[in-house]
Amino acid sequence: DTEVTQTPKHLVMGMTNKKSLKCEQHMGHRAMYWYKQKAKKPPELMFVYSYEKLSINESVPSRFSPECPNSSLLNLHLHALQPEDSALYLCASSRQYQETQYFGPGTRLLVL
Amino acid sequence: GQNIDQPTEMTATEGAIVQINCTYQTSGFNGLFWYQQHAGEAPTFLSYNVLDGLEEKGRFSSFLSRSKGYSYLLLKELQMKDSASYLCAVRDFGGYQKVTFGTGTKLQVIP
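As they're listed, the protein sequences go chains A and B.
Just so we're aligned, residue 425 is where the first sequence starts under our numbering, counting upward by one.
Just so we're aligned, residue 58 is where the second sequence starts under our numbering, counting upward by one.
Hints listed in this document are in silico derivations from the structure and should not be mistaken for laboratory results.
Do not take every clue at face value.
As the list claims (entries may be wrong) - Some chain A residues close to chain B (C-beta under 8 Å, calculated; not the full set):
| # | residue |
| --- | --- |
| 1 | Lys442 |
| 2 | Pro467 |
| 3 | Phe527 |
| 4 | Pro529 |
Note that the structure is a prediction, hence the values are computed from the model and not measured.
Even for Gly, the Cβ is constructed at its ideal location relative to N, Cα and C.
Build the full structure now, drawing on both the sequences and the hints.
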């Protein structure tokens with residue numbers, strides 16, 4: 425199994441909603457990442473987990489809350505988002521922190 | 058910090074060869090990655106260079122010159138499916154070895 429999976433593929437939510445994005449990998453990778461990508465822009469790093477501990481938070485607003493329940497799973501909890509948070513949210517994993525990252529297909533989020 | 062430059066767009070003909078350049082400035086270089094990203098999809102890893110020279114993988118090759126802060130991705134025998142954005146990403150030695158992505162080069166392959 426060499427893939428990273430993400431659910432849902434698409435998500436539409438209102439500014440008062442609470443939703444969660446999920447990411448899973450079974451490659452035994454010990455580092456997992458959340459990125460945000462706007463149209464025609466490069467991915468922007470949000471969070472990094474290494475060995476299930478939050479290693480990096482790139483000054484992301486608290487309306488985004490990451491969680492790593494175990495070494496295979498990574499969640500991103502969303503609450504009170506703004507329309508400008510609409511983007512493609514990508515999850516990635518790597519064998520160790522900052523080794524080659526493998527990306528999931530992403531969740532396309534629209535905040536109304 | 059890092060500064061990564063790539064051409065915004067390129068057009069090439071099916072069957073031809075195209076070279077996509079990437080220049081970077083970083084306080085401490087520790088590796089360069091190339092990713093392919095089709096519109097609306099996730100980036101897919103293509104290659105990794107940390108030492109000077111050429112890495113070849115089938116139709117794709119990547120070159121690195123650390124002294125010049127320069128890399129290129131060479132695509133041979135272009136196919137229509139190669140139409141995509143190509144992202145150069147640089148890993149920094151300093152701090153927490155962050156990987157920063159360039160803005161990408163959108164390649165259009167025409168018949």
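Checked hints:
| no. | hint | verdict |
| --- | --- | --- |
| 1 | Lys442 | violated, 25 Å |
| 2 | Pro467 | holds, 5 Å |
| 3 | Phe527 | holds, 4 Å |
| 4 | Pro529 | holds, 5 Å |
When held up to the earlier numbered hints, the structure conflicts with hint 1 and nothing else.
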